[in-house]
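Residue numbers (the numbering used here), protein chains in the order written: chain B, 17 to 176; chain G, 1051 to 1821.
The set of hints was computed from the structure by calculation and includes no laboratory data.
One or more of the hints may lead you astray.
[What the hints assert, rightly or not] In the DMTMM-like style, the derived pairs of lysine to aspartate or glutamate whose C-alpha atoms are separated by at most 25 Å in a straight line are:
| id | chain 1 | residue 1 | chain 2 | residue 2 |
| --- | --- | --- | --- | --- |
| 1 | G | K1694 | B | E45 |
| 2 | G | K1210 | G | D1387 |
| 3 | B | K28 | B | D87 |
| 4 | G | K1607 | G | D1669 |
| 5 | G | K1443 | G | E1345 |
| 6 | G | K1706 | B | D84 |
| 7 | G | K1694 | B | E109 |
| 8 | G | K1059 | B | E168 |
| 9 | G | K1603 | G | E1671 |
| 10 | B | K28 | B | E109 |
| 11 | G | K1535 | G | D1387 |
| 12 | G | K1061 | B | E109 |
| 13 | G | K1385 | G | E1481 |
| 14 | G | K1059 | B | E109 |
| 15 | G | K1198 | G | E1135 |
| 16 | G | K1061 | B | E168 |
| 17 | G | K1706 | G | E1345 |
| 18 | G | K1694 | B | E146 |
| 19 | G | K1468 | G | D1759 |
| 20 | G | K1694 | G | D1487 |
| 21 | G | K1061 | B | E92 |
| 22 | G | K1059 | B | E138 |
| 23 | G | K1315 | B | E45 |
| 24 | G | K1694 | G | E1481 |
| 25 | G | K1059 | B | E92 |
| 26 | G | K1694 | B | E143 |
| 27 | G | K1056 | B | E109 |
[Said to hold, decoys possible] Okay, the calculated beta carbon distance ranges per label pair:
| id | chain 1 | residue 1 | chain 2 | residue 2 | range |
| --- | --- | --- | --- | --- | --- |
| 28 | G | S1103 | B | A96 | 54 to 60 Å |
| 29 | G | I1211 | B | D132 | 57 to 63 Å |
| 30 | G | D1253 | B | G95 | 39 to 45 Å |
| 31 | B | N97 | G | D1253 | 42 to 48 Å |
| 32 | G | P1579 | B | D132 | 30 to 36 Å |
Glycine included, C-beta positions come from ideal geometry on N, C-alpha and C.
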Amino acid sequence: MPRIAVTVDGVKYEEEVEPRLLLVHLLRERLGKTGTPVGCDTSNCGACTVMLDGKSVKSCSVLAVQADGCDIVTIEGLGANGSMHPMQQAFHEEHALQCGYCTPGMVMAAIDLLRDNPDPSEDAIREGLEGNLCRCTGYCNIVRAVRRGAQEMGQAVRTP
Amino acid sequence: MTEVGKARKRKEDARLLTGRTQWTDNLRQPGMLHVMFLRSPMAHARITGVDVSAARDLPGVVAAFSGQDFAAEQGSLPCAWPVSEDIVIPDHPPMAVSEVRYVGEAVACVVATDRYLAADALEAIEVDYEPLPAVLDMNEALAPDSPKVHEAGNQAFTVKITSGDVEAAFRDAPVVIDRTYIQQRLIPSAMEPRSVLATTDGDSFTLWSATQIPHVLRVMLAVVTGIPEHKIRVIAPDVGGGFGSKLQVTAEEVLCLLLTKRLGKPVKWTESRSEGNLTVHHGRDQIQHLRLAAEADGRIRGLQVELLADMGAYLMLVTPGVPLLGASMFNGIYKMDAYEFGCTGVFTTKMPTDAYRGAGRPEATYGIERMMDELAAELRLDPLEVRRRNWIKHEEFPFTTISGLTYDSGNYEAATDKAMALFGYDKLRAEQADRRDRGDPVQLGIGVSTFTEMCGLAPSRMLGAANYGAGGWEHGSVRMLPTGKVEVVTGSSPHGQGHVTAWSQITSDALGVPFEDITVLHGDTAIAPRGMDTYGSRSLTVGGIAVLKACDKVKDKARKLASHMLECSPDDLDFAEGVFKVKGTDSQKSIQELAYAAFTAHDLPEGVEARLDSDATFDPENYSFPHGTHLCAVEVDTETGMAKIRSYVAVDDVGKVVNPLIVEGQIHGGIAQGVAQALYEEAVYDAEGNLLTTTMADYLLPTAMDLPDFVTDRTETPATSNPLGAKGVGEAGTIASTPAVVNAIVDALRPRGVHDIQMPCTPERIWRALR
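Can you make the complete structure from the sequences, with help from the hints?
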């Protein structure tokens, strides 16, 4: 079986994996990173979105072997020193989650879309989140949260 | 401390936002095995042989079973709502034994050490089928020569309700509108797939499930499997949405329980999404034939409703009751002299239908709200004007409708006025006229939905009268802990609604204890032993009130203790902000001090036990009747058929609001699901009975790109059926929005001779309607 080395949320792991093992199952079943959920089997819902070397990927659509040598950040590794990432905090402030199942992926996708566009319009946010489905919120508050998160993150950069 | 009414941020969020979740699929038990089901690829067939032996020999496989292997103990999945005398409730084995009746029905299973190995092993199972004819169309199914889904035939039940003289209402009526609408079949699509984990210590059983109904499930598992109720504990841990789809007693729950019993090992099953689209119960699926008789001035004389309701292959927990939840709702907010409702439940070889957000009320509301627009068009009246001429006026409440429900309160005028102002109704009508005059290829349509619904399920005596198999009460208990903190236990079972936050607000006000000092426990039959669970927008109006009643009892106990400690009569004590104070003095005891005194029990008065806690059940006298006015503006491109929502205004009256943030979120999500029915979603079966929409690539859930920002506001007419004055909010948005959107599309195209578009109103359907 192939042997891979990955860093997940700052911790290094070496694992022997079947070539067919999906990254999301490596995270959930082998490493106990159950903060990243699975919502579909066709890469439509985006619930399993994580950061792979700084870019968002749907971890159900990546093989674990493809992540060999990569640095992965999941929803569990976003916050620092026990406090939430500004985007997580913004989701809380704007009531952008109800059942919370899509939330890890939605937060990851939101952070990724700000990488390209730190000050997105409502339309840009909606377009940027098109690959992530939410069944509870109707997206209104998610869009508001991403705007708030963008503002907070912009300020965080500017504040020394 | 006024917590009720405050937009408190949710206590639930932090865990969910940081991935510290307890979804059933996250859970593990030592030695846990994984279950997978082999499912029928045929819509209808006789099973002539199942051979699981090759699967048993594969690596990692612990066991493999056919339906026959469980035939003696698996029982029949329950239907708790025998709606009529003539109802046929067919045997529904969790794993098919001799015949399959829909694509996706379980025929065999594998238990393995790893889910990948279990999936491999499914490939090695051989099943021989002798094909039988699929039964897919409800009208054809009722023909005498139709192939049968079950021995007893394809008619599940018939119901007829008549009120007033219908014949007289239609005789010589100046206007009769006659329409047939189709409520397409929907797939609820909660984001969390179903998952079940079952374990046993050899004597007792624990079952975790992604369910809305841990309490009902426990009772039903005992009834179905014969395992005594007191040996079963059911836990609904974090549950990722339900929308009715997890209001069910499923084959997989029963079989996981029986598998852990047989193997003595913990077993877990988690569905894939495509498996879920096939086998999570579907929603809607009705053919509605509606006839409405009116005077020349638009006043309604009478309404006739004849439904065909697709049950699918079996009757599940409340399958036959769903269309009947609409029986008293087709008359909507309108006065009329006569009403007739008929419904025939029909078996087909498809996945069974059951509750999906709104359950019967969206279908009914769609019917009447579409008909009101047709009536307005027929009489060349504004759709709001024809509604005004018929609706119950605010001074007429309480009002007993033609279908026999008593609406306790409402103010349709106020909600409509507010919605019109926010929407800019007159300005949009002017723009519509202008676009029509100019022959603009993009036409503007305005859709109206002035809805009400019945929720807060439900008064037990009314459920009994409807022959429902259970009551509609809810239970709550409240415990003051020695340090003055509070544990609330609720029989409601949240899966996204924010009960922990809302119940904390209610308790904080009632006991004068800080919001932060309150915790809410739920969803575990060992921790919250009594409950009727969460569905039908019932949690606040029934479960929240039970908590409030329990708080009142705690306060009564505290008052007795305070009067003893302060040496005064209980009547001499004022209670405010968590403090009992002797009138006209500075002498006082806080409720926290009293909790500690109850705990130490050093000096308790006669008849007061060493605990400051209590519990209560609440069973409302009536349903609650949220209402509102939703207005939708849609731009329809007549060249491409594309319909795009330009603006959407929802003014809802859900009575007294505990948490406006949560209420707004419920309305947003509800509207989104109703819009999705209007524009995007449909479960499609092909001519052989194969489901074509098995994935999220085929079944179009709206994305952020597909939906507008919704403008929401409220009016507040308190309900009189509970002390808070609250009405339910979980389903209102979904019930209201579907007709608002379709009315808007039809309104845009009416000058082109269009008076209906079948849902979902896809660009192709709109384009074809224009040609």
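Q.
For the hint 39 to 45 Å, verify it against the beta carbon of G:D1253 and that of B:G95.
A. At 43 Å between Cβs, range holds.
Q: With a cut-off of 25 Å on the C-alpha distance, tell me whether G:K1061 and B:E168 pass.
A: holds, 22 Å
Q: Determine whether the Cβ-Cβ distance between B:N97 and G:D1253 falls within the hinted range of 42 to 48 Å.
A: Given about 46 Å between the Cβ atoms, the range holds.
Q) Is the Cα-Cα distance between G:K1468 and G:D1759 25 Å or less? A) holds, 18 Å
Q.
Quick check on a hinted range of 30 to 36 Å for G:P1579 and B:D132, using CB atoms only.
A. violated, 52 Å
**Q.** Beta-carbon spacing of G:S1103 to B:A96 - inside the hinted bounds 54 to 60 Å or not
**A.** holds, 55 Å
Q) Are the Cα positions of B:K28 and B:E109 separated by 25 Å at most? A) Answer violated: B:K28 to B:E109 is near 33 Å, above 25 Å.
Q | 25 Å Cα cutoff - pair G:K1706, B:D84 | A | violated, 55 Å
(Q) Run the distance test for G:K1694 versus G:E1481: straight-line Cα separation, threshold 25 Å. (A) holds, 16 Å
Q: Take a quick look at whether G:K1603 and G:E1671 sit within 25 Å of each other, Cα to Cα.
A: holds, 20 Å
Q) Holds or violated: G:K1535 with G:D1387, Cα cutoff 25 Å? A) violated, 56 Å
Q.
Holds or violated: G:K1694 and B:E109, Cα atoms, limit 25 Å.
A. Not satisfied, since the Cα-Cα distance of roughly 30 Å exceeds 25 Å.
In terms of the numbered hints stated before, the structure departs from hints 1, 6, 7, 10, 11, 13, 17 and 32, listed from lowest to highest.
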